[in-house]
Amino acid sequence: MSASRIKPKTILVTGAGGSLARRVMARLMDRHQVIAVDFRRKVQTDAQIPSYQVDLSKRRFEDIFRDHPIDGVIHLGRILTNEYSRFRRYNDNVLGTRRLFDLAEKYNVGKVVVHSTHFVYGADAYNPAPLYETAPLKASELTMDLVDAVELENLAQIYLWRNPKLHITILRPCNIVGPGVRNSMSRLLSRRLAPALLGFSPIMQFLHVEDMADAVVAAFERRGKGIFNVAPNDWVAYQDFLRACDCRVLPLPSLPPALPRRIAERMGWSSFPPYLINFFKYPVVLDGNSFAKAYRWTPQYSLSDISAYYRSKKHRTADA
Amino acid sequence: MAISRWLADRIVGAEIHDTIDRLPKVLGSFGFDPWGYNRSTAKLSLAGAGWLFDHYFRVRVEGLEHIPPTGRVMMVPNHSGQLPLDGVMLGVAMARNRAGPRAPRAMIERFFPTVPFLGNFMNGLGAVVGDPVNCGAMLEHEEAIIVFPEGIRGSGKVWHKRYQLQRFGTGFMHLAMRHRTPIVPVGIVGCEETMPSFSDLKPLARPLGLPYIPLGPLLPLPARVSLHIGEPLRFDNDCEHEHDIAPRIEQVKSEIRKLIRRGLEQRQSIYR
Chain V
1 MSASRIKPKT
11 ILVTGAGGSL
21 ARRVMARLMD
31 RHQVIAVDFR
41 RKVQTDAQIP
51 SYQVDLSKRR
61 FEDIFRDHPI
71 DGVIHLGRIL
81 TNEYSRFRRY
91 NDNVLGTRRL
101 FDLAEKYNVG
111 KVVVHSTHFV
121 YGADAYNPAP
131 LYETAPLKAS
141 ELTMDLVDAV
151 ELENLAQIYL
161 WRNPKLHITI
171 LRPCNIVGPG
181 VRNSMSRLLS
191 RRLAPALLGF
201 SPIMQFLHVE
211 DMADAVVAAF
221 ERRGKGIFNV
231 APNDWVAYQD
241 FLRACDCRVL
251 PLPSLPPALP
261 RRIAERMGWS
271 SFPPYLINFF
281 KYPVVLDGNS
291 FAKAYRWTPQ
301 YSLSDISAYY
311 RSKKHRTADA
Chain W
1 MAISRWLADR
11 IVGAEIHDTI
21 DRLPKVLGSF
31 GFDPWGYNRS
41 TAKLSLAGAG
51 WLFDHYFRVR
61 VEGLEHIPPT
71 GRVMMVPNHS
81 GQLPLDGVML
91 GVAMARNRAG
101 PRAPRAMIER
111 FFPTVPFLGN
121 FMNGLGAVVG
131 DPVNCGAMLE
141 HEEAIIVFPE
151 GIRGSGKVWH
161 KRYQLQRFGT
171 GFMHLAMRHR
181 TPIVPVGIVG
191 CEETMPSFSD
201 LKPLARPLGL
211 PYIPLGPLLP
221 LPARVSLHIG
231 EPLRFDNDCE
241 HEHDIAPRIE
251 QVKSEIRKLI
261 RRGLEQRQSI
271 YR
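Same order as they appear, the protein sequences are chains V and W.
Take 1 as the starting number for the first sequence in our numbering and just add one per residue.
Take 1 as the starting number for the second sequence in our numbering and just add one per residue.
It should be emphasised that the hints constitute simulated quantities derived from the structure, not laboratory data.
Just to be clear, a hint being listed does not mean it is correct.
Stated by the list, open to error - Stretches of chain W that chain V covers, calculated by requiring three or more beta carbons in the stretch to come under 8 Å of a beta carbon on chain V:
(1) 23 to 33
(2) 128 to 142
What the hints assert, rightly or not - Now the in silico label distances, taken between C-beta atoms and shown as ranges:
(3) V:T134 / W:L219: 43 to 51 Å
(4) V:G226 / W:L118: 33 to 41 Å
(5) W:R272 / V:M267: 56 to 64 Å
What the hints assert, rightly or not - Part of the chain V face toward chain W, derived, beta carbon under 10 Å:
(6) A125
(7) P130
(8) L137
(9) L198
(10) G199
(11) Q205
(12) P257
(13) A258
(14) V285
Bear in mind that the values here come from a model prediction, so they are computed numbers and not experimental data.
From the three backbone atoms N, C-alpha and C, an ideal C-beta is built for every residue, glycine too.
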């Protein structure tokens, strides 16, 4: 769809301080009115983008809907799995999102894009490959620390079913990595010494943050709703990719299963938290073909581009 | 990784490189597919399994011409011998088939991915957990799949039940019908004698999370193995009830029984 044919809209983007949101806003600001919201801080934006620091669960959040004629919401703001406590994550990610949906209903918002995660599928030894969108979400069964991710999805699905006019699209991307990304995987690939479980090197998929930004914009601007995996048709074993990124592998004993969890707890690695250990043991391979077909989306960055970025990042740090 | 590279340099010859590189496979930019198959591991395992095939089990094969050189196919053999050596030997025969080599994809038991090194290694050479989603997706990728419908009932059976087909699961037939896939029956003779089990130490197996612990030799014996590959069977996807499946499964079992019988009749000695 060409930019000239798209009717300008007022779009509220949550999590505006994140690297993905910045890229999404940069893509949208030429043809839409963008409003930036972040609960952490007031994000510095271009002059034409109003920016707010507000918690989604606070009453003040509704003022943004009163003051601006919001047509669409791109909900990227969430507390990552490596941040804060489980309870804080639940309050902000689940209860905050419920409030966002309620306000979207109240103010007749016509499109909502929700950024979910592949973590919702859970890393299980019996996971088939690929996982289609209809696969059961086992994350909360495997660890309480991912309950908020599954609950957020359940909530979005309830609203998707209850209010079709919201046109909710839920995106479940694989590992998003690349410049500025601060999630656990990106931090891990940035390390010189990265932990891995001895005898386990699961197949993984990686998505460049620029490609994910394109996917979010496509999901917002093109017609459609539903739940979609977002992943490239390219795969690599975890330890092979670590080496490609110039990381040295730090092997951790994998048996008994509690031992690597204890080690990760003791070491306090935010990039390798104990409740994500199974994702370094068993594969979670997504089928991203439905999204690619429905939204005519193709990733532009290859695994080699991604590994080249992390290699050069390390060399830049070493030179400095 | 360094060890596997060192090993590969020493044991993978030009012929193996050529065989694996010629296999029709769609791989990602790092040489992996979604199930973990990769050429380096496949080459390494073909070198090792090829030696066992030629020198230890001295495998004889008949009926290779029945394996389609391209397109989806389901190889359905009898299962025996405690270890999945029957699948490995059939895989070597399929990969080396001069008429049209195929990358064998074996459906394996669910406990394999939980075993360090072994799970990844088996994925690397093409084996995948026997899940209907995996199997269906692979058939849509036009893969050649090895399925043991007897599962551990076949591999873990004790000596006095040798060459008796155990109960077949029905999943393979549903998948073959749904994905319009020919079933190639295979009778494997000799693997029963590689690891005869005189009893199953179930009380010991359960706490260790193993499907069985055989009471028998600790290492496989060098019995001579023969593979008898039958003509493809095709089934329309027109069963309305579960009880319509049973005669079709019986037809597959009957073909496998015939192939086993032929192998036993041709065999002159267990170990020669």
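Hint by hint, here is what the structure shows:
| no. | hint | result |
| --- | --- | --- |
| 1 | 23 to 33 | holds (count 5) |
| 2 | 128 to 142 | holds (count 7) |
| 3 | V:T134 / W:L219: 43 to 51 Å | holds, 45 Å |
| 4 | V:G226 / W:L118: 33 to 41 Å | holds, 39 Å |
| 5 | W:R272 / V:M267: 56 to 64 Å | holds, 58 Å |
| 6 | A125 | holds, 4 Å |
| 7 | P130 | holds, 5 Å |
| 8 | L137 | violated, 15 Å |
| 9 | L198 | holds, 6 Å |
| 10 | G199 | holds, 3 Å |
| 11 | Q205 | holds, 9 Å |
| 12 | P257 | holds, 9 Å |
| 13 | A258 | violated, 14 Å |
| 14 | V285 | holds, 5 Å |
Of the numbered hints given earlier, the model fails hints 8, 13; all others are met.
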